[in-house]
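Asker: Quick mapping for you: the protein sequence lines, in order, are chains A and B.
Quick note: the first sequence uses the working numbering, first residue 455, plus one each step.
Quick note: the second sequence uses the working numbering, first residue -19, plus one each step.
Hints listed in this document are in silico derivations from the structure and should not be mistaken for laboratory results.
Some clues are possibly wrong.
Claimed, not checked - Have a look at the derived ranges for each label pair, beta carbon to beta carbon:
1. A/Ser524 to B/Lys91: 48 to 54 Å
2. B/Val24 to A/Ser540: 20 to 26 Å
3. A/Arg517 to B/Leu89: 34 to 40 Å
4. A/Thr507 to B/Thr0: 40 to 46 Å
5. A/Leu549 to B/Pro19: 25 to 31 Å
6. B/Pro19 to A/Ala456: 21 to 27 Å
7. A/Thr468 to B/Val8: 45 to 51 Å
8. A/Thr534 to B/Thr42: 44 to 50 Å
9. B/Ser(-8) to A/Asn513: 31 to 37 Å
10. B/Ser7 to A/Gly494: 21 to 27 Å
Stated by the list, open to error - Here are some, though not all, of the chain B residues that point toward chain A, as calculated from beta-carbon distances under 7 Å:
11. Tyr2
12. Ser11
13. Gln13
14. Glu21
15. Pro23
16. Leu25
17. Thr28
18. Lys79
19. Gly84
Said to hold, decoys possible - Sample of chain A residues lacking proximity to chain B, with all beta carbon distances greater than 10 Å (derived):
20. Thr507
21. Arg521
22. Asn525
23. Asn531
24. Leu537
25. Leu549
26. Thr554
27. Gln560
Just so we're clear, the structure is a prediction, and the values are computed from it rather than from any experiment.
Glycine included, every Cβ here is placed at the ideal spot set by N, Cα and C.
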Amino acid sequence: KAGVTQTPRYLIKTRGQQVTLSCSPISGHRSVSWYQQTPGQGLQFLFEYFSETQRNKGNFPGRFSGRQFSNSRSEMNVSTLELGDSALYLCASSLVLGNTEAFFGQGTRLTVV
Amino acid sequence: TQLLEQSPQFLSIQEGENLTVYCNSSSVFSSLQWYRQEPGEGPVLLVTVVTGGEVKKLKRLTFQFGDARKDSSLHITAAQPGDTGLYLCSLMIKAAGNKLTFGGGTRVLVKP
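Extracted from the complex, chain A is given alone in its bound form:
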């Protein structure tokens, strides 16, 4: 079956803009989590959605938000972009909430200039 699909793969934005990233989980998976990966901080948890509700949130400012649709697809949005938001954003899907085994997409590489 198809894996986790993230779009777009690459994105270049300027400071102050906003961006929306998309994630389609594995068919049948209802939990979607988002992570930010940078060389300095590693993989950091952003939030987790299950049944269209945010169930868990990491320590990121309110500029980072997300949502999940009825078909389990998810989007995350970053407003008022800063240079430090440049990172690989990874989406992971799991069968159920709190499942420790996550299946990751290829990520979206965001560069803020």
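Please arrange chain B on chain A, whose structure you already have, making use of the hints.
Answerer: Chain B only, in chain A's frame:
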């Protein structure tokens, strides 16, 4: 303080050599996952270890869970260039709000 410490941070070896990477936590955990991430890709789940003292093998990869369930190791025998990547351990930590938490990773380079 990192909840999950991985060591070493970087390892460069020649093809055919063996290597071991480590993952340590200050807390006891119920299960731990190992992932490998290749450049430009997302992490791929390799294995989950659950029982203290458990050993799991995946071809040339051997995963061990410490008896006290606070540490784990990954041993690669006769490494190949295809083993190159970032090795990450992860676990669900209640102290972190039941979020899946990752270690900083060990970057492994296997030179032909």
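Asker: All the hints need checking, so say for each whether the structure fits it.
Answerer: Consistency of the hints with the structure:
1. A/Ser524 to B/Lys91: 48 to 54 Å: Distance hint for serine 524 of chain A, lysine 91 of chain B holds at roughly 49 Å.
2. B/Val24 to A/Ser540: 20 to 26 Å: holds (24 Å)
3. A/Arg517 to B/Leu89: 34 to 40 Å: holds (36 Å)
4. A/Thr507 to B/Thr0: 40 to 46 Å: holds (42 Å)
5. A/Leu549 to B/Pro19: 25 to 31 Å: Once the Cβ atoms are compared, 28 Å apart, the range 25 to 31 Å for proline 19 of chain B and leucine 549 of chain A holds.
6. B/Pro19 to A/Ala456: 21 to 27 Å: holds (22 Å)
7. A/Thr468 to B/Val8: 45 to 51 Å: Given range 45 to 51 Å: holds, Cβ gap about 47 Å.
8. A/Thr534 to B/Thr42: 44 to 50 Å: holds (47 Å)
9. B/Ser(-8) to A/Asn513: 31 to 37 Å: Distance hint for serine -8 of chain B, asparagine 513 of chain A holds at roughly 33 Å.
10. B/Ser7 to A/Gly494: 21 to 27 Å: 24 Å Cβ-Cβ, so the 21 to 27 Å window holds.
11. Tyr2: Hint on tyrosine 2 of chain B: violated, closest Cβ of chain A at ~16 Å, above 7 Å.
12. Ser11: holds (6 Å)
13. Gln13: With a closest approach of 6 Å, the glutamine 13 of chain B hint holds.
14. Glu21: holds (6 Å)
15. Pro23: holds (5 Å)
16. Leu25: holds (6 Å)
17. Thr28: With Cβ-Cβ at 6 Å, under 7 Å, it holds.
18. Lys79: Result: holds, 5 Å to nearest chain A Cβ.
19. Gly84: At 5 Å from the nearest chain A Cβ, glycine 84 of chain B passes the 7 Å test, so the hint holds.
20. Thr507: The claim stands: threonine 507 of chain A keeps its Cβ more than 10 Å from every Cβ of chain B (closest is about 15 Å).
21. Arg521: Check passes; 19 Å lies beyond 10 Å.
22. Asn525: holds (21 Å)
23. Asn531: For asparagine 531 of chain A, whose nearest Cβ neighbour in chain B is about 20 Å away, the distance exceeds 10 Å, so it holds.
24. Leu537: holds (22 Å)
25. Leu549: holds (13 Å)
26. Thr554: violated (5 Å)
27. Gln560: violated (5 Å)
Hint violations for this structure: numbers 11, 26, 27, all remaining hints satisfied.
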